[in-house]
Structures are given as structure tokens and as C-alpha cells.
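Peer 1: Chain by chain, the residues run as shown.
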Amino acid sequence: DAGVIQSPRHEVTEMGQEVTLRCKPISGHDYLFWYRQTMMRGLELLIYFNNNVPIDDSGMPEDRFSAKMPNASFSTLKIQPSEPRDSAVYFCASSLARGRGGNEQFFGPGTRLTVL
Amino acid sequence: AQSVTQLDSHVSVSEGTPVLLRCNYSSSYSPSLFWYVQHPNKGLQLLLKYTSAATLVKGINGFEAEFKKSETSFHLTKPSAHMSDAAEYFCARTGFGGAQKLVFGQGTRLTINP
Numbered sequence: 001d002a003g004v005i006q007s008p009r010h011e012v013t014e015m016g017q018e019v020t021l022r023c024k025p026i027s028g029h030d031y032l033f034w035y036r037q038t039m040m041r042g043l044e045l046l047i048y049f050n051n052n053v054p055i056d057d058s059g060m061p062e063d064r065f066s067a068k069m070p071n072a073s074f075s076t077l078k079i080q081p082s083e084p085r086d087s088a089v090y091f092c093a094s095s096l097a098r099g100r101g102g103n104e105q106f107f108g109p110g111t112r113l114t115v116l
Numbered sequence: 117a118q119s120v121t122q123l124d125s126h127v128s129v130s131e132g133t134p135v136l137l138r139c140n141y142s143s144s145y146s147p148s149l150f151w152y153v154q155h156p157n158k159g160l161q162l163l164l165k166y167t168s169a170a171t172l173v174k175g176i177n178g179f180e181a182e183f184k185k186s187e188t189s190f191h192l193t194k195p196s197a198h199m200s201d202a203a204e205y206f207c208a209r210t211g212f213g214g215a216q217k218l219v220f221g222q223g224t225r226l227t228i229n230p
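Which chain is which? The protein sequence lines are B and P, in order.
First residue of the first sequence? That's 1 in our numbering, and the numbers climb one at a time after it.
First residue of the second sequence? That's 117 in our numbering, and the numbers climb one at a time after it.
One chain only, chain P, in its complex shape (with noise of 0.2 Å):
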């Protein structure tokens, strides 16, 4: 079956530390693989896609993430923390035959220590 798992429900770090959220999905193929942020009573925002281009991504506010097909792992980095980080991260990735709904993990909340 179709599966995102995000191997840490909580992860904490201290403001200016790397941040790091993984990632891992169940597939045969290469699917399409997001990374969403979800700040607390708000939406989800796109952070960043892989689409079979190149392994790594870059995203919005200073995030990247490498796809990794032989791990079948897509983490999620930041080099150095901010406070305005601290939201809830969610993996995605699409169905089988390139189906447009997407599969989601059970998200990781990521809490910033001064």
C-alpha cells in the first residue's frame, strides 16, 4: 500500500541549531514527494516538491530536502533554526500512475528552544 512515514512525531532544537524531519514512503516508482508546514491554526503551505528533476530540493525559508530513491527517504533540513520555524511539518507524496491525490504522513511537530 501507498504510505508516508515520518519517523518522528516531535522533534525539538534549539534557535540557530540545523533542523532535520524525515521521511520515508512505500513505493515501487519514483512518486512525487512534498513537504508542507502547518503553523498553528492555519493551512498547510507548500515548503518544497521533488518531481523527478533534481535530488535536491530547495524550498521556502531556507528549507531543502534530498530524495534519496534507494532509501526511499525524502528529510527535510534547515541548516541553522529560527522561532518563527516552530509549526507542524507534514511528507507528502502522490498515488500510484501519478494519481493527483496525495498521501500523507501523521506530520512532526517541531518546537524551537531559545
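This is chain B alone, in the form it adopts within the complex (with noise of 0.2 Å):
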């Protein structure tokens, strides 16, 4: 297995542009979660979804940050207008239920976003 999959790995951008993040999951995870890492606040569990389904968003920073999962082997972070403060390492993670196996996550390699 490929084992989760984020693209870009590396995004500039200016403030107030809209940035796009992407991850593919582990096929036949059941869970799906975006991560912000950052010096100052350390690793932040910003949503979480199950079968696709958005369970807890409480983590999202404000209005500005927008996650979708339209099937079960693609998910989108957006920010829109980005601001300098966005910037930051996103991870993506998944894992299985852990009824069926473990709840373990696994991690992609991150996408280090800068916003000017």
C-alpha cells in the first residue's frame, strides 16, 4: 500500500489566495483526519470524518477553512482568503475502526503551506 498521499507537498502562496490541500486515505480506512502543526500550537486535530461523513469540525480555526470528502479515497482542505497566520504543516491521516482492527492513524507526509 502506498500508504496516505498528500499533494502538494509544498504550497506558496499570497494572502488572500485560495489554497487547495488534498489526501488520498489508506483504501478500506474508515476514518479520516486534517492536522495543522505549527511551533506555537503544536499538532491541532482540526475535523475528523467517518464513512465520508464529517463528525467533529470543532477544531476548525473559523469561517476561512472548509473540508469535504466526496467518496471514500479523496479529501479536501480549503482555505479561502488565506492569511499569513495559515501558515503551517497540514497532515492528513487515516485509520481503520476500531472494531475492525485498530485505531492506530497513519499519516501522510504533510503539506508545508507558507502564505505571504
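Derived from the structure by calculation, the hints contain no laboratory data.
All C-beta atoms in this analysis are idealised placements derived from N, C-alpha and C, irrespective of residue type, glycine included.
Be a bit skeptical, because a hint or two may be false.
[Unchecked claim] Here are some chain P residues pointing at chain B (derived, C-beta under 7 Å):
1) G159
2) L164
3) K174
4) I176
5) Q216
6) K217
7) F220
8) Q222
Each chain sits in its own coordinate frame; assemble them with the hints.
Peer 2: Given below as C-alpha cells:
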């Protein structure tokens, strides 16, 4: 298995532009998670999905952030408009349901976002 | 509230000496517990997990961790550090009721001195 795939790996954009981050989870996994990592705040859970349905989006910082999962193999995290304080590394992770063998999360390589 | 506390933000050891990274969790029950490692510019990789089986858990790369319920601790150890162990290490736990989301500690940066 290729693991969790994220694209792009690096994104540099200007303040006010729209940014879309993409994630392909491990095939067959039930859950998908979006995290943000910064030096100041550490690793923060933004939102997670179960079987393509958003379960908890309480970590999404504000209305400029939105996430979708149109099917089991693809998810997007969109920031519109972007601001310099959104600069961070964004990780996607996926897992099986606990009753299906485990609840450890498998992480992608991350997208390093820089907003100028 | 559910929380994970990593007691050291930075640990520095010499190559070939033991490693101890400390983690305490808050809980009124036994959650699943995890240790992840993050090398520079990489994603998090699972080192090991505890899910209420054996209290001493062996992971990859010679790491192991011991679950101690009385101390609510899950410390990570390795008998002999290698230069390639230099990385950030995160302890995590599941939420109440076996919730799928994980609560992460703030991380411990491990430096290995030659």
C-alpha cells in the first residue's frame, strides 16, 4: 500500500488567495483526519470524517477553513482567503475503525503551506 | 479533561546510552496509548501502541514502553541510542469511550550526541 498521499508537498501563496490541500487515505480505512502543526501550537486536530461524513469540526479555526470528503478515497481542505497566520504543516491521517482491527492513525507526509 | 503530558520538551543523550522519554495521561479508565516519531520534514510514524493487552509493549527500532496504570504513565525507552533516533516523539491517547480521535502531547525533541 502506498500509504496516505498528500498533495502538494509544498505550497507558497500570497495572502488572500485560495488554497486547496488534497489527501488520499489508505484504501479501506474508515476515518480520515486533518491536522495542523505549528511551533507555537503543536499538533492540532482540525476535523475528522467517518465513512465520508464529517464527525467533529470543532478544531476548524474559522469560516475561512472548509473540508470535504466526496468519496472514500479523496478529501480536500480549503482555505479561502488565506492569511499569513495559516502558514503551517498540514497533515492528513487515516485509520480503521476500532472494531475493525485498530485505531492507530497513519499519517501522510504533510503539506507545508507558506502564506506571504 | 482528556490530556497527555510529555514531561520533557527536549532530551539529549549520547549515542549508545539509554533513552527515556516520559509521558503521563489523565484518565479515569485505561485508554489506548501510542508513541509516534517524526523525523525532520516527515509525517508521524507509529512506534508502538498499548491496547490493554501486555503492559510492556515492544515497538519498532528497539523502542518499548511500559503501561503503568497506578502512575498513569506510558514512558518510552530504548537501551542504546543511535544517531538515527534523533527526532520528535509524540505520546497520544484515545478519547473517552474509545473515540477514534487521538489526543497528542506537545512532543519531546530527542537529540543524540556523538
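Peer 1: Does each hint hold? Answer for all of them.
Peer 2: Each hint, compared with the structure:
1. G159: Holds, because the Cβ-Cβ distance from P:G159 to chain B comes to roughly 4 Å (cut-off 7 Å).
2. L164: Cβ of P:L164 sits 10 Å from chain B, so the hint is violated.
3. K174: 15 Å, violated
4. I176: For P:I176, the interface hint is violated, since the closest Cβ of chain B sits about 13 Å away, which is over 7 Å.
5. Q216: 5 Å, holds
6. K217: With Cβ-Cβ at 6 Å, under 7 Å, it holds.
7. F220: 5 Å, holds
8. Q222: 5 Å, holds
Violated hints for the displayed structure, listed by number in ascending order: 2, 3, 4.
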